[in-house]
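Asks: Residue numbers (our numbering), protein chains in the order written: chain A, 621 to 1161; chain B, 29 to 335; chain C, 67 to 373.
Don't take every hint at face value.
Ranges between beta-carbon positions, derived for each pair [stated by the list, open to error]: (1) Thr183/C - Ser232/B: 33 to 41 Å; (2) Lys80/B - Thr707/A: 32 to 40 Å; (3) Val653/A - Ile352/C: 32 to 40 Å; (4) Lys80/B - Gly1034/A: 47 to 55 Å; (5) Leu325/B - Lys202/C: 52 to 60 Å; (6) Ala240/B - Thr183/C: 43 to 51 Å; (7) Gly338/C - Glu657/A: 30 to 38 Å.
Selected chain B positions facing chain C (in silico; Cβ < 7 Å) [as the list claims (entries may be wrong)]: (8) Leu45; (9) Val49; (10) His56; (11) Leu159; (12) Ile163; (13) Phe173; (14) Val174; (15) Ser217; (16) Pro260; (17) Ser263.
Stretches of chain A that chain B covers, calculated by requiring three or more beta carbons in the stretch to come under 8 Å of a beta carbon on chain B [to be verified]: (18) 841-852; (19) 995-1002.
Hints listed in this document are in silico derivations from the structure and should not be mistaken for laboratory results. Please read all numbers here as calculations on a predicted model, not as lab measurements. Every residue gets a Cβ at the ideal spot worked out from N, C-alpha and C, and that includes glycine.
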Amino acid sequence: MKNSYSWVLTTALTLSLSASSVLADLHPVTNEVLADEQIFTYRVGDEYASIDPQLAEDVQGGEFIRDLFEGLMNQNSDGDLVPGVATHFDVNDDNTIYTFYLRDNAKWSDGEPVTAGDFEYSWKRLADPATASPYSWFAEEMGLENVEAVMAGDMDTSELGVTALDDHTLEVRLENSMGHFPLMTTSEPTFPSPQWTVEEFGSDWTKPENIVSNGAYVLTEHVPQERSVRSRNPMYWNDEATIIERVEALVISDESAALTRYLSGELDRTEVPSGQFNQLSTSHPNETVTFPRLCNYYYFVNLTESTHPALLDPRVREALYLAIDRDVITEAILQGGEFPAYSFTPEATANFLPPANPARDLTQAERNARAVALLDEAGYGGGAEIELDLLFNTSESHSKIAIIVSQMWKQTLGVTTVLQNMEWKTFLEARSNQEFDIGRAGWCGPYNMASSFLDLMSSDHPYNDAGYVNAEVDQLLTDAKVSEDPTANFTRIEEILATENPILPIYHYAGVYMMDDSLQNWPVNNVEQKWYSRELYFTAD
Amino acid sequence: MLAFILKRLFYAIPTILILIVFSFLLMHSAPGGPFSSDRPLPPEVLANIEAKYHLNDPLIKQIWTYVTGVVTQFDFGPSFQYKDRTVNEIIGQGFPVTLTYGTISFLVAVFFGCALGITAALNQNSWLDYLAVGISIGAQVLPNFVMAPILVLVFTLWLGWLPGGGWNGGQWQYLIMPVIALSTSFMASIARIMRSSLLEVMHSNYIRTARAKGLTKREILFNHALKPALLPVISYLGPTFVIMITGSVVVDLYFTTGGIGQAFVNSALNRDYSVMMGITILIGCLTILFNLIVDVLYAWIDPKIKL
Amino acid sequence: MTNVSMTNSTDTQGDVANTKGRSLWQDARRRFLQNRAAVVSLIVLMGVCLIALFGPLLAAWDNETVDWNVLGDIATLGAPSLSNGHYFGTDELGRDLYSRVVQGTQVSLMVGIVGSTIAVILGTLYGATAGYVGGKTDNIMMRIVDILMSIPYMFVLILLLVVFGRSMWLLFVGVGMISWLEMSRIVRGQTLTLKSKEYVDAALSIGVKHHVIVLRHIIPNLLGVIVIYATLLVPQMILTESFISFLGLGVQEPNTSWGALISEGASTLQYGTYWQLLFPLAFFVITLFCFFFIGDGLRDALDPKDR
């Protein structure tokens, strides 16, 4: 008792001596002692292409937009919906009309109130052909009423299914029933843009000297290809709760260079280069962080006419599927806590029950034996007749995985692989022209549902370059869209995929970072990695 | 002289036009376009975008629009990749950076290269000569993408003296490593050229005469030998200056200085047509300009050469 | 080289030139052999070529097979070791570095030699033609060279690689294309002087055709310049290739080159796998050193000014 009293006394003394504002030094919720300097500096691999909410489609841009702007809803650190500009919403019985109620104290950084009209304007702007946004397909994904006709230019944007009933009420009408619609309002294309600024400055409105935003931060500096700075926005309705004063993003394209600069203390966060996690977690145990992501890495098999004829035999595809030793890839090559993938949908996905999969429970030796047997059965014993073109885009880790997989196929099955490493745009062209036998792909679910992955398997999906067509899968996907609980549909689709193997899942991503150990509250449980700088803080050492 | 310069500038016009047409055609024959992306755009969306950037016009019309835009308004168009920036802005931002560290590296390379070459030549076949030749060849064959990580490892991670990258408005701490990485191999080439040309001059008859007259080594070097010996160095320097500016890709990539070297490689990979064209034209003009400067300098140093 | 001048001697017209030519080459050989650095370099270079040709015979592993035992802990298990057959250690993927260096040596030497051969052939034919024909043709041809020289070639090369994808063939042609212009200028200059020599007049007077004169008389007499230039061109080609590999546009896996190996090695330098940089870099540096010394030796041996 006496001890603790004297501790309080000394602490109070020290605090009153050292700091002018005692309160600011403690975290309001956890009561941790905060560091004096609250500046978060992180590495981005590439310059953002845009921070216009309706135009940006890149990850870097998305991270900026979540700090600079605020949508109707936000995600908390577990990925659950929490209020953003909207405090709550209503929905009608068949999930086609949503009404969002906006808070009245939300302001733009120039002091203007944030209104339902701002959202109406922005959503129409997204779909408007005049905006020519590469991300306008998201409006289609949202299923707004009349969206296709508006996007094609056949109907005026005023016919789009979004209306501001008054300044604080926004009505959204959908073509079809959609239970997960509110989750979409945490995506950047649905965030508001300030009409008056957009119209005054045109495409220059996102420059630091012009930009007006409604999020917790404002863009204060941007040196292209070098750095950009966002600073705390005093007009933000919940500015009191913001702790990080400034966020600096440094463009460093080389992962190793970034790691060196992290280790010399210039950065608070950077990616761990593939294959270095074990070593770094030994030398810097408190700074290596790994957590599951909602992304998968897979190879897909060309099923169109241009493919190698052997691949049209499902037994050959299964043999290829089995002969990939995923544990080697995740543990020896990547080493960052990635998950060996036997299903297309990551297991971390909400409400997803992976089907029983016999391949998963075998040892690799058993899988290899089975693969060899299957290849024999298909009439390609020894694999000598099979030579496959494996297409992937230029990247150190894609190249590593392709090399390793090609060696696994060669050594287990005798199948030869010709590696086709192409730079990104050439790769896209070759992929859409089906100039490959096996191709690399990766996909991050735009929202936390199995459908955001399995939709790719529908025969008319734009990403379906493999030409996979299965009527049952199409039907199951269509039914899932209107079903109350589509879990069973998704499990069944995975079962079909496991027997037909149009794709060869390899691993499910993990976020693997070096992070300063005084940086707190990183949302590691948010599988979509929607992080907001206003929720982070640095504790004193 | 003036007539010569005007004539050369006149020749520059067709050169640049050929360059524009050639790059334009080459660029458009590259697979993929600025808007091809991982998730293919719905056709109607793609059509909207292409209309906005006039990509649906016939190629010949696109070239014409481009050339007239450049000539009449000095407008190189908007970037396809970076939505809120024009090519003029991108070059305006990146070029001063590249020019700054490029010029400093150039001066460093010329100064140390000449010093090394002269030292070697004046002490031919001594240990000093061998050392200088060894250093210069060593520096020439060590690629700067090896030197850059080593520099960062030593000066940033181990010694903690210098920031590992960035530009920060060109403060000196940020300049040191880029300048070392960029200037070393050019310094080596200059040293080698300087050495052999000075040796040649020193063995010539008029230097022998000068020596016979009893002039000191220093007088011979500065009054008689250096000027003619510099000629081959100068003809090397013209293209080198441009290469130092354009060849800065490694420096830009590794030290994130934000110069146009990186901007060019990015634009080529992203098919950012307008940026790629803008930088190609800029470099083409610089090349022509510096070739011209070299010729003029040449004539100035060696009156025997008529322009 | 001696062979060519021998062929020359079967020619009945140019007796004076031939006797002179033969002694010139013998003289040059004597001078070259006296240059210790050049001779040592030549021997080392032959050693490197032998390794490239016969190195695979000594390898315990081929260049693409993964050693599953070392994978996952390259930093300790992948170190150079005689016992597991990885004399140079392994790369990041557990592939034998010795085999990869040998294979990379083949590719890089090929790029260097084929690239400079293309440059030399193109440059020599073009320059000799322009210089020999003279007049308006010469003027136009050299104007074209001027124009081409203003095009930033590194950029065009990047564009070419982006357009046509990575292919070894294109790499050869691409690096060769960059360098023939300089060659053509030098050759033209030399041709202009050779053209006025008596034996050319003599040949003309007895009705020898022009193209025969160029091929039989002009070019053989240019060989000295060509050889020097070609030797110095090879290391430039190899350096260019390494830069392209650094950009990730080099040869297709599982093939590799010095540039690719060095760039991989440099990026993992800080993780303690120093051998991944050391071995390829050593080969690279030693070979380039050799080429430079041989080039210098040849110049000293063949350059008439020094005599």
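Asks: Which of the listed hints are broken here?
Replies: Violated hints (numbers, rising): 3, 5, 8, 9, 10, 11, 12, 15, 16, 17, 19; every other hint is consistent with the structure.
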